[in-house]
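Trainee: Protein chains in written order, with our numbering: chain B, 1 to 162; chain G, 163 to 918; chain L, 919 to 1201.
The set of hints was computed from the structure by calculation and includes no laboratory data. Accuracy of the hints is not assured; some may be wrong.
[Claimed, not checked] With the C-beta cut set under 7 Å, the calculated list includes, among others, these residues of chain L facing chain G:
1) 935
2) 937
3) 941
4) 990
5) 1012
6) 1013
7) 1096
8) 1097
9) 1102
10) 1179
11) 1182
[Unchecked claim] Subject to a maximum C-alpha distance of 16 Å in a straight line, what follows is the list of computed EDC-like cross-link-like pairs (lysine to aspartate or glutamate):
12) 448/G / 342/G
13) 393/G / 378/G
14) 843/G / 1137/L
15) 534/G / 545/G
16) 717/G / 729/G
17) 1150/L / 1089/L
18) 1171/L / 1137/L
19) 448/G / 545/G
20) 843/G / 378/G
21) 534/G / 905/G
22) 994/L / 976/L
23) 448/G / 436/G
24) 192/G / 86/B
25) 959/L / 26/B
26) 495/G / 328/G
27) 381/G / 678/G
28) 16/B / 76/B
29) 192/G / 58/B
30) 1160/L / 793/G
31) 994/L / 58/B
32) 192/G / 34/B
The beta carbon of each residue, even a glycine, is placed where N, CA and C say it ideally should be.
Given next are the chains, with one letter for each unit.
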Amino acid sequence: MIANTEIYNLTVNGSKHEVRDAWVGESLLYVLRERLGLPGSKGACEQGECGSCTVIMDGQAVCSCLVMAATAIGSEITTVEGLTNDGTLTAVQDAFITEGGVQCGFCTPGLVVAIEHLLANNPEPTDLEIKESISGNICRCTGYGRIFEAVATAVSTRNAGR
Amino acid sequence: MSSATQTSTRREILGNSALRPDGVAKVSGKFEFSSDLHAEHMLWGATLRSPHPYARIVSIDLSAAYKILGVEAIITNDDVPGKKTYGLIASDQPVFASEFVRYVGEPVAAVAADHPETCRRALAAIKVEYEVLTPVTDAEFAILPTTAQIHPDGNLIRHQRIITGDQNLQGEVIVEGTYELGMQDQAFLGLEAALAIPDTGGNGIEMYVATQWLHEDQKQIAACLGLPLEKVRLTLGGVGGAFGAREDISLQVHCALLALRTSRPIKMQYGREESFYGHVHRHPAKIWIRHHATRAGVIQRIESRMVFDGGAYASTSSAVLINGITHIQGPYKCLNATVDGFAVRTNNPPCGAMRGFGVVQACYAHESQMDKLATACGISPVEIRLINAMVTGDKLITGQVVESVAPVARCINETNSIPMPAALAKNADPLEIVGGSGLTSLPHNIVRGVGWGVSIKNLMYSEAFDDFATARCQLQDGVVHLKYATVEVGQGFVILAPQIARSVLGVDEVVIDPVDTRIGSAGSTSASRQTWMSGGAVDGACRLVRQRLFEHIGKKYDVDPMRLVIEDTDVVDMIGDFRISVTEASTGVLIDETFEHHHRPTQELDENGQGNCHVAFAFVAHRAVVDVDVELGLVKVIQIATAQDVGRVLNPIAALGQIEGGIAQGLGLAVMEEIVLDNGKMRNPSFTDYLLPTALDAPQVVAIMIEEPEPQAPLGAKGIGEPPCISVTPAIAAAIRNATGRDLLRVPIRPQDICF
Amino acid sequence: MTVLVPLTLKEALIATSANPSAQIIQGGTDLMVEINFNHRKPTDVIALRRVNEIRNYEISADRSRVTVGAGLPYQKMEHGELAELFPALAQAARTVGSPQIRAAGSIGGNLGTCSPAGDALPVLSALNAIVNLHTATSFREISVHDFMLGVKRNARQPGEIIVSTTLPVIDGWQGYAKVGVRNAMVISVASCCLVVDRNVGAIAVSLGAVGPTIVRCRETEAWIASQIDLRKVSAVAPNLLKEFGDRIASESKPIDDHRSTAAYRRHAVATLSRRLLTRANTQ
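Build the full structure now, drawing on both the sequences and the hints.
Mentor: Given below as structure tokens:
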């Protein structure tokens, strides 16, 4: 049994972070953004309907707005800030820029994380698999066309590099 | 159309798919949106809102809220030191409701506290006693002479007629209909947010805010704070989309007031539900329209009555109305018109700017009519549109002559040349069929339909507004610094401005200085205007710098400045063999120029709706292919073919992104997006129930960009942001009619509209 | 103010017994929405996300039943062995929210929230699932029909944890279909699960989002079983099919709300049930 009252630790992007004096109802998204200095994950709906807050938790892409932060102790959490550790871009990130997958950019971190998760588990997804895998990530700017193009480019870059 | 390695060898000048300079920050989560901003000793602000569409405030009791630990300030109407109201055109909206609340969600008070949860508890502890009044929620009812006025300015925000030509002409063929549109939300993803930092001493403020127009915000905030303009300095916080919803003030004044009151930085950000209450929406409209035509289908006269529900406060309703009535003829020749337009105040949520601005409503009506007319005349949807297609030099129903390039017929013909999508396969994957993984439908349940929509859209602001943009260009040591207040909302001005500087000045390194109010206004990022207006300003400033560079070189190297031109990254003598790199030529000198771009003046409409009220026009055609499960009334849009009059393509990938994105928004209005109102209350202020298109709703988009450079436009390029979302909605509606045989007089089209 | 994260079911049960009013959180996909929207302010929370015993499923030795842990994410039901045994459950699971939601959400959460639009619930109803409830000291089984009491109301007592549901493996056809206004990530406007038991010639039809809780259409089930031989796969006559849908619709109890109208929902369940019966008798 793990009990939290005032202090707990979260493991984010490989490092332990202490959370103090938090309100019990705080979501993982809030704690990442407001307490741990990791504002890359975005909030746009607070109810799992937009995917902007997608993080990888214990190997699964989840909406961090729907994770009660205090229950995430012991989990391995990866945010957009932790996708690479040397400042270089992943093939997915690079393709988002070159193919025009970014406009306002608010949905971008969540989409990048969701697509990284997809490609880690399915390196050669079909078009429909791509669409279904990001059907929980709303983009209001692009109409998705350039995003599909970015995923296709990222897939070929990754597969050429292996 | 694109390649990942294009930038290494090609210069990022006009015409190339230059990459976003903010791209790396945005893909890695490091871009600072306004909601990401923080300051030391910051407090959180939050807003108390009216639960009633119409009520008199009897009393407000703050005592219990003040007792909550962590609450630092609570403000109401009494605490507004300057002007108590604001607004883009008319200043009719209270900063905080005083005597009356006029819509659900109207701000009543604001608190500052140490944690968002403390704010929520404080809001819950404020006791407001209301005397609930009967709301006026029907626009037609609101303008009856017997209806009580719900605002001192009255229930009629603006009435405008257009009367031209023969008022009695009766066509050989007459078709008419009444069309309605529901209330659409812009639904940008990056919620409203601002950070306000008070000056030491408390008589000034620094604000970081996501907006569409810094200087207009500055003007309205300063007036409400009772401060001179220079005491209110705004810097753009990263903007997560706008689409019109950030043209009006939302939390700016509240945030500034709390900062001044507490002498501490205040961060305010809305949640999604509050965002639905906190910004204006697309006007719901009801449009009656009658077309008179010859038997061959030539339009002779239109009659229309258009009613736009502006909600509780005026916002831009009067301008939206003018756009609506002046575009009701569509991109078609018409000499005789009788049009009556009303922008009306009700106790519904306030409506204002949204991409397409009044023309979306008009287009849905006129395009629905065009198909009726085609049927009545026994010709095809394409033929009826080609017969009537407007050309440059045609006179509009306002008397204004279309001077813009007007390739309407070409838009239609090129769209028509795009191949149709393959038929739905008998063994199609469920995700390719209506209903997707819901497994509602099998291929034999599906009927395919095709429909058309064509539109005309004005560019820039209208009706005598002195619309301008300012830019400053500094060249030194081969590096250009650009300074402007042009807001980047995602559309890509941040890419375009350096492209312009590189093209004009032959430099590669362009630095964009912070976007703030420390330079003249750039006007709003709206009305498809920034490429033309701020693009024109950057272009103008760069040309002035280039001229001075040539003069400098002329003096220093004894060449004729008149003979110098930029070639790649060099300055060369057109006639002689003098050549010097821009970097070398600008080493050790600083050339600094500022330019204001004004478009040509326009006029207000007269009482008969006559006048040169618009600057310029752009055109687009859409053809929609849809699959409909007719029995269940479910729709999947399969393909949108489009040809758009863009003037000149300045960045192919960015342009395509605008077209695809606009189409998705038009699709949303056609089949799923609506704020459902029940006696003034929103029933679905959340992303669970306000549905936006997902990746599985996105159609294949095949786009052709028609390049006929616009002589009036500084770069030959027309604004491209709005047209994509305008005629796609009626095209989808027409395709559904084609598949189902239903009339479908209202969008969004709901399942029950199709199957009953 | 405490958050307990038990690692075993025993720890979880002790914790709930000690604090029966504590808020139990499973995947969080419902509860966190209520908290984020300021509709609920929990003080004590017991989170089950790390109780691995309830994130599994177990097939009985004779393969006649499967007990599905209340915390098993929907994602794990979409494919593989469970999907083969319960195609309708797999189909329903795939329609839950988005991939992110399906990685977190579970049957336990659907039962705990007990929304009539819960996607898995019509399947549990049509399969006559048993809900297994535990306390630190006791255990009870309750039919899912008795468990679901109304809109967001169920028969769970304070101190009890929904540990699992037991589903019978049925020899026959089963399917699920759901109407929403979007082609992905959409809350049900109406849904239908139809299960045919070929061995006994019985049928079960359950409807979602057309009543205060899941609607089981027992009268229509009995009627159609009297009209056709459900032990055989054979085409259903058009007039029977029409009446089948009409009867299903008349058993539904939908309302008008911002998502749809009662009339459309009746029409939708009639149509879905006809289509599912057709699929059952052609596949």
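Trainee: Each of the hints needs a verdict: does it hold here or not?
Mentor: Hint-by-hint comparison with the structure:
For residue 935/L, the suggested interface contact is broken, since its CB lies about 29 Å from the closest CB of chain G, more than 7 Å. The interface hint given for residue 937/L is violated, since its Cβ lies 22 Å from the closest Cβ of chain G, which is over the 7 Å cut-off. With its C-beta approaching chain G no nearer than about 16 Å, residue 941/L sits outside the 7 Å limit, and its interface hint is violated. With 7 Å as the threshold, the beta carbon of residue 990/L stays out of range of chain G, its nearest partner Cβ sitting at about 19 Å, so the hint is violated.
Contact between residue 1012/L and chain G, as hinted, is supported at the beta carbon level, the nearest pair being about 5 Å apart and thus within 7 Å. The closest approach between the C-beta of residue 1013/L and any C-beta of chain G is roughly 5 Å, which is under the 7 Å cut-off, so the hint is satisfied. Interface restraint check: residue 1096/L against chain G, minimum CB-CB distance 4 Å, threshold 7 Å, status holds. Using the Cβ-Cβ criterion of 7 Å, the hint placing residue 1097/L at the interface with chain G is satisfied: the shortest such distance is roughly 6 Å.
Among the interface hints, the one on residue 1102/L holds; its C-beta lies about 4 Å from the nearest C-beta in chain G, closer than the 7 Å criterion. The restraint placing residue 1179/L at the interface with chain G holds, with a minimum CB-CB distance near 6 Å, inside the 7 Å limit. Taken as an interface hint, residue 1182/L checks out: its beta carbon lies about 4 Å from the nearest beta carbon of chain G, inside 7 Å. Between residue 448/G and residue 342/G the CA atoms are separated by roughly 5 Å; this keeps the pair inside 16 Å, and the hint holds.
With a CA separation close to 15 Å, the supplied pair residue 393/G and residue 378/G stays within the 16 Å bound. Proposed proximity of residue 843/G and residue 1137/L is contradicted: the alpha carbons are some 39 Å apart, above 16 Å. For the hint pairing residue 534/G with residue 545/G, the CA-to-CA distance comes to about 13 Å; that is within 16 Å, so the pair holds. For the hint linking residue 717/G to residue 729/G, the alpha-carbon distance of about 20 Å lies beyond 16 Å, and the restraint is violated.
Pair hint residue 1150/L plus residue 1089/L holds up; C-alpha atoms about 12 Å apart against a cutoff of 16 Å. With a CA separation close to 14 Å, the supplied pair residue 1171/L and residue 1137/L stays within the 16 Å bound. This hinted pair does not check out: residue 448/G and residue 545/G have alpha carbons roughly 27 Å apart, beyond 16 Å. Of the supplied pair hints, the one linking residue 843/G and residue 378/G is violated, its CA atoms being roughly 30 Å apart against a limit of 16 Å.
For a cut-off of 16 Å, the pair hint linking residue 534/G to residue 905/G stands: about 10 Å separates their Cα positions. As the CA atoms of residue 994/L and residue 976/L are separated by approximately 13 Å, the hinted pair is consistent with the 16 Å bound. Under the criterion of a C-alpha separation no larger than 16 Å, the hint pairing residue 448/G with residue 436/G is inconsistent with the structure, at around 27 Å. The hinted pair formed by residue 192/G and residue 86/B meets the criterion: a straight-line CA distance of about 14 Å does not exceed 16 Å.
As the CA atoms of residue 959/L and residue 26/B are separated by approximately 10 Å, the hinted pair is consistent with the 16 Å bound. The straight-line distance between the Cα atoms of residue 495/G and residue 328/G is roughly 15 Å, inside the 16 Å bound, and the hint therefore holds. A distance of roughly 13 Å separates the Cα atoms of residue 381/G and residue 678/G; the hinted pair therefore holds under the 16 Å criterion. For the hint linking residue 16/B to residue 76/B, the alpha-carbon distance of about 10 Å falls within 16 Å, and the restraint holds.
Taking the CA atoms of residue 192/G and residue 58/B, the gap is about 24 Å. The hint is violated against a cut of 16 Å. Proximity of residue 1160/L to residue 793/G is assessed by CA-CA distance (about 13 Å); at most 16 Å being required, the pair is judged to hold. Taking the CA atoms of residue 994/L and residue 58/B, the gap is near 15 Å; set against the 16 Å cutoff, the hint holds. Restraint check for residue 192/G and residue 34/B: the C-alpha separation of about 14 Å stays at or below 16 Å, so the hint holds.
Consistency note: the structure conflicts with the earlier hints numbered 1, 2, 3, 4, 14, 16, 19, 20, 23 and 29.
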